[in-house]
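Student: Chain by chain, the residues:
4 protein chains.
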Amino acid sequence: MVTGRSEEASGRIRLGMVGGGNDAFIGGVHRIAARLDDKFELVAGALSSTPEKSIESGQALGLERVYEDFKQMAIREARLKSGIEAVSIVTPNHVHYAAAREFLKRGIHVICDKPLTSTLADAKKLVKAAESANALFILTHNYTGYPMVRQAREMVANGDIGKIRVVQVEYPQDWLTEQQDFKQAEWRTDPERSGAGGSTGDIGTHAYNLACFVTGLKAESLAADLQAFVPGRKVDDNAHVLLRFEGGARGMLWSSQVAPGNENALRLRVYGEKGGLEWSQEDPNYLWFTPYNEPKRLITRNGAGAGDPANRLSRVPPGHPEGYLEGFANIYGEAAEAIQAFRNGTSPDASVVYPTVRDGLNGVKFVAACVQSSSKNAAWVKLE
Amino acid sequence: MVTGRSEEASGRIRLGMVGGGNDAFIGGVHRIAARLDDKFELVAGALSSTPEKSIESGQALGLERVYEDFKQMAIREARLKSGIEAVSIVTPNHVHYAAAREFLKRGIHVICDKPLTSTLADAKKLVKAAESANALFILTHNYTGYPMVRQAREMVANGDIGKIRVVQVEYPQDWLTEQQDFKQAEWRTDPERSGAGGSTGDIGTHAYNLACFVTGLKAESLAADLQAFVPGRKVDDNAHVLLRFEGGARGMLWSSQVAPGNENALRLRVYGEKGGLEWSQEDPNYLWFTPYNEPKRLITRNGAGAGDPANRLSRVPPGHPEGYLEGFANIYGEAAEAIQAFRNGTSPDASVVYPTVRDGLNGVKFVAACVQSSSKNAAWVKLE
Amino acid sequence: MVTGRSEEASGRIRLGMVGGGNDAFIGGVHRIAARLDDKFELVAGALSSTPEKSIESGQALGLERVYEDFKQMAIREARLKSGIEAVSIVTPNHVHYAAAREFLKRGIHVICDKPLTSTLADAKKLVKAAESANALFILTHNYTGYPMVRQAREMVANGDIGKIRVVQVEYPQDWLTEQQDFKQAEWRTDPERSGAGGSTGDIGTHAYNLACFVTGLKAESLAADLQAFVPGRKVDDNAHVLLRFEGGARGMLWSSQVAPGNENALRLRVYGEKGGLEWSQEDPNYLWFTPYNEPKRLITRNGAGAGDPANRLSRVPPGHPEGYLEGFANIYGEAAEAIQAFRNGTSPDASVVYPTVRDGLNGVKFVAACVQSSSKNAAWVKLE
Amino acid sequence: MVTGRSEEASGRIRLGMVGGGNDAFIGGVHRIAARLDDKFELVAGALSSTPEKSIESGQALGLERVYEDFKQMAIREARLKSGIEAVSIVTPNHVHYAAAREFLKRGIHVICDKPLTSTLADAKKLVKAAESANALFILTHNYTGYPMVRQAREMVANGDIGKIRVVQVEYPQDWLTEQQDFKQAEWRTDPERSGAGGSTGDIGTHAYNLACFVTGLKAESLAADLQAFVPGRKVDDNAHVLLRFEGGARGMLWSSQVAPGNENALRLRVYGEKGGLEWSQEDPNYLWFTPYNEPKRLITRNGAGAGDPANRLSRVPPGHPEGYLEGFANIYGEAAEAIQAFRNGTSPDASVVYPTVRDGLNGVKFVAACVQSSSKNAAWVKLE
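For the record, the sequence lines run as chains A, B, C and D. Heads up, the first sequence is in the numbering used here, so the first residue is 1 and it goes up one at a time. Heads up, the second sequence is in the numbering used here, so the first residue is 1 and it goes up one at a time. Heads up, the third sequence is in the numbering used here, so the first residue is 1 and it goes up one at a time. Heads up, the fourth sequence is in the numbering used here, so the first residue is 1 and it goes up one at a time.
Any given hint could turn out to be false.
To be verified - 27 Å max Cα-Cα, derived BS3-like pairs, lysine-lysine: (1) B/Lys234 - B/Lys382; (2) B/Lys53 - C/Lys39; (3) C/Lys376 - D/Lys376; (4) B/Lys376 - B/Lys105; (5) D/Lys274 - C/Lys183; (6) A/Lys218 - A/Lys81; (7) D/Lys128 - D/Lys382; (8) A/Lys376 - B/Lys382; (9) B/Lys234 - A/Lys163; (10) D/Lys382 - C/Lys382; (11) D/Lys105 - D/Lys71; (12) B/Lys81 - B/Lys105; (13) B/Lys39 - C/Lys382; (14) C/Lys376 - D/Lys218.
What the hints assert, rightly or not - Distance ranges between label pairs, derived from CB positions: (15) D/Glu154 - B/Glu384: 52 to 58 Å; (16) B/Asp23 - D/Ala228: 53 to 59 Å; (17) C/Ala78 - D/Ala228: 55 to 61 Å.
It should be emphasised that the hints constitute simulated quantities derived from the structure, not laboratory data. All C-beta atoms in this analysis are idealised placements derived from N, C-alpha and C, irrespective of residue type, glycine included.
Build the full structure now, drawing on both the sequences and the hints.
Tutor: Here's what the structure looks like:
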């Protein structure tokens, strides 16, 4: 018998969490994602802006150290010998910047939910904070963690579909078809906390990020027609956006929270001079690839046709579906590789890819441009 | 034994055809569609603009009377006692008006392929000609003949999805991904014969017509970003269009001929305050209906959940798929009912519905507006 | 102008029909199938076993010659100079043999609905009658007319999936889940008219024929467990059958009329040493092909990957779905080619393929073996 | 700030593992499943039958206590104050019994992979050992952990589809289409370690268990036709099985490892007098429900139509796919609830359901019956 593992020896990264208290949604997702591959250990938290709730939620989770607020947490953890090395920020959007800043400036890595911030001003400040910090910043545009999204990106980069012409991305949901007052709906439809974008901020940024991630292209300008269909709603719940990418590709982006029959139907289609690729988040283990004039092919996660960039993020054989949590966990896995390399003063392997603070800034710019364009009757607005 | 059917007794409508010679595509489709339900008998034709080819093609089809050109045919048939009662016009677009006029003014019903004409000026003249004629005019926007499209239209009219908010319609194909020189490609990419619109004219008009047909709404304005991706192509092969409908609904229309992996992927999705409907041309026997907050339901042609407007256009039981030709034949079936009522000096049953010359005008206006908007950097253009 | 087509010049085959009166189902399907490609002209009929109904139905269809019964029709038509060249027999099963015999012995080609007969004795007599006649016999196992079924057959023959190991074929329906008394249900559940098999005869024979057609294999023996689930039903409404094919392949066949949610869900899957093929009747324009260890490929009718045997039976481009009626019409098309060759004293092109009287005999043997096996507690029964 | 969580306070169950060393597959799955919901902490292991490999593998996982063999582990852990409370047994099948016995008799709960054992004799002994132990026994027939499988079970129990008539279950794979020599293939095709069943043992038991779990029915007898298609293979790689259930329902089961194009295509269809249910493991978030004569409905995990038994095992909203690992983790979640109740001397809530040692025995009986039946030319064999 051999005994005696210390927690250090396990190599797990000590993680804290800001936000994610009892009635939150995405906090729980981050905790599962961090835990799935055993690379993180959640040890500390400031889980709510209400101190009592923060304490109560942290104790319920069995955390070792529970704080009343994130600033206190940042200060104390930074002083501890075995304080947290990274923090997950899973608050409503308007808190992201203030929270991230406290940890970044103390050298604690930040894993932050999207969109980056609720305002463009905050986003720019956060970029500065992140880029001048001695710490990493990872944004959880989790859909980029799906293996078949990586496969698509790789195939585009390899030229398998040739020069890109058309990008169709959509992200319809139906959960806000009627007025909703529960917590998740409430803050997401409040511009003070969510930002000026509604569907554009909450899901449009995902769609936009996914399109850019897979194609490797940046949009140069957009024209947006936003609507708030539900009476009294202060932010858009449906967005129709035309996109013009560098190099001449054109695109359409549709985000909606009022499309009955759509649960979380993020879908990307990319067409080039030589072929097409199609991927759907609700069926994420598959990627359709059509070389022009050849039969459509179904590439499966970990199956025939899938390459290294997809397979390194897969855990189980093809036909054993991985889903949303595994895709989310892949972002944590990339973060872990980057943090471990940072520990060692090295760079992670080139295969390690995660959304950055710049990607987050691009998302906030996307929202701002949508809102601006829509206010000008869908006039074209430059991005950057 | 009982003998002696005269052709008259059969009640078949005597039909002529303009265009549709040996190497045409849509002419053959019209002939099958006219024949499928045994309501028409094709007896005469001027099948090509080249007299020899017209004669040769007509004889190959075993027609009773073959003409060198459509004008000759119109004049002579009008004088015959048992001349044609109706004519199908299946030429390239730029010939539609001139041909239709000759028959309409002689009281011969016209069944005309879409788009109505190659120019807006011609379209307006054709509306006048049709509306002042003692004859019917039917436009073969054939997708409105699919039973489940009728079902969708009925459900919208019944209020099953409530007031409409969002209309997503798309019609991607891939057959023009590269330069093509065969006949079907050649005239469709020649603005002299096809009109100023490429994908917008050939398939965008179908998509637009379908959206209006099902929703019962008219678009008030549009903003379009058109591209000709294939070098040297003179008309658009991809179109991204924002739509604003009367009453506040918003929509997106995408037509493309350069999207590899899409054969003929016309698809309509309509979302209202109470539910959603989704239909796809490549899987036409099904209609998805989601009442908000209830499970999605699959309504099948002639099956559970389908109503009279769909069932009256169905021939075989559910699970025995009907397709493109049957949908097309349904337009001929509607035409036959209207013509038979016309014979009797009555009106057809209220259930009889077919695309009219006004629908055709709307399609040509749609193309013109797309071209105009795109030339102005996707500025909004009013329709009407 | 050129005038003067005689009916002869058109080349259409003069066709009669036995059965298919007013309230029949399959008769109407045969008429559309015969008409679709304009190769037949229905001119005579004995449409019902009730003389008045026969006359009434024939006149309603506008037939030139209407008979009170099929024998009268066979005798008189055989004497006419322009009598029918072929007859479609679309009666309930128990009439097939008697009717077919009358026409075959007078040199009139027979196109007969399936199953061949209601008894094995009749089937054997019909084989004799057909094989000694100076006329052709075509059995409408219509599913063999689907282009992608031809494609599958071709690929098996080409060795694309290697030596066959496993054949899974199923044909579930739900229309007899409860007791039904309308005409179609009534005779199909009456062993006097339908034969000893219920689901096995009506749809199991289709499934069995399809499996043999595509694989090119014959079953050597079967073990069947039949049920009549609906109280009072005299024939099976569900059949579970194990199959052993020559050469060692094994298979399963499931037919059911009591499987709610299945409309007409005939489906064939064939697996060999090198790959697999999957086809579904409700989605007939597609064939899935998986070469072992490669991505699954979607071969589409008239599209990339489809070969001549499929394309020669296609009318419209890929993405324009063809369905049940077109597949059925393809059997009529094959019949027409064979009959035209017969007229000329030649053989049809080798590509012409249709189900024969021997295939029909195999189907009746299949039913008999199922019934026999089931009566012996699913013991193995040899076929042949 | 509040500090001081002890591991005990966390409530995590201390877990050991037998098997699951470096090159294993299912061990890693169990570890993720145990970790996902943070209810277990893996602290000890004997991960290989080779002592050095066991030590090396355990250290690589950072386990606190690593043993050379499972007996040593059982003895020592049972004596420790904070020894393991439960052990996961993830070895090849032939080791299950011997390992389980050591832990059960010392009051350590066992979570064991399927099939229960490699022989029927072992299975019976294990039932005795489990039922006489002061410890729980949970078998990881993980597919019963999928929320929509629970939904199906609930609906059957509620009578939503009426009395069951037909059960179609299949589990095709393709990974053994050719001879394979890597570890996972090697022991699974060795009857000494796997048991007499090949595909029947490895996946047929899953299919059989799933059918029984959802329907609540037991099979009374079966007739099986097994094949080993790959030359030299000692166990079946394809199985065709007829099933007769108590109460008169009939079924078919197909398991195959040689069906190219099938990755892990477990699929269950159940038809009753009033409706049908269909579920597919590769698309596990959906359940199709067809009430007879009504449109098919799509019930989604955590979405409209899903009830408590499904929702209590769901983590994320509908449209955010959960997969294989989440379903597997649900078995661990059920185990955790049962173990926590055991700790407290109570029973878990009635909603807690997991496969038992008796289910395992039924699986081994199923394999034995298949082998016996097949050796007797597919004669019927009683299942107890």
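Student: The structure should be examined with respect to each hint, and the outcome stated for every one.
Tutor: Here is how each hint holds up against the structure:
1. B/Lys234 - B/Lys382: Between lysine 234 of chain B and lysine 382 of chain B the Cα gap is close to 25 Å, so the pair holds against 27 Å.
2. B/Lys53 - C/Lys39: With a Cα-Cα distance of about 23 Å, the restraint between lysine 53 of chain B and lysine 39 of chain C holds, given a limit of 27 Å.
3. C/Lys376 - D/Lys376: holds, 15 Å
4. B/Lys376 - B/Lys105: violated, 39 Å
5. D/Lys274 - C/Lys183: holds, 23 Å
6. A/Lys218 - A/Lys81: violated, 42 Å
7. D/Lys128 - D/Lys382: holds, 22 Å
8. A/Lys376 - B/Lys382: holds, 17 Å
9. B/Lys234 - A/Lys163: holds, 20 Å
10. D/Lys382 - C/Lys382: Given that 27 Å is the threshold and the Cα spacing comes to 25 Å, the pair holds.
11. D/Lys105 - D/Lys71: Satisfied, since the Cα-Cα distance of roughly 11 Å is no more than 27 Å.
12. B/Lys81 - B/Lys105: The given pair, whose Cα atoms are some 17 Å apart, holds under the 27 Å limit.
13. B/Lys39 - C/Lys382: Given that 27 Å is the threshold and the Cα spacing comes to 50 Å, the pair is violated.
14. C/Lys376 - D/Lys218: holds, 23 Å
15. D/Glu154 - B/Glu384: 52 to 58 Å: At 55 Å between Cβs, range holds.
16. B/Asp23 - D/Ala228: 53 to 59 Å: Given range 53 to 59 Å: holds, Cβ gap about 56 Å.
17. C/Ala78 - D/Ala228: 55 to 61 Å: holds, 59 Å
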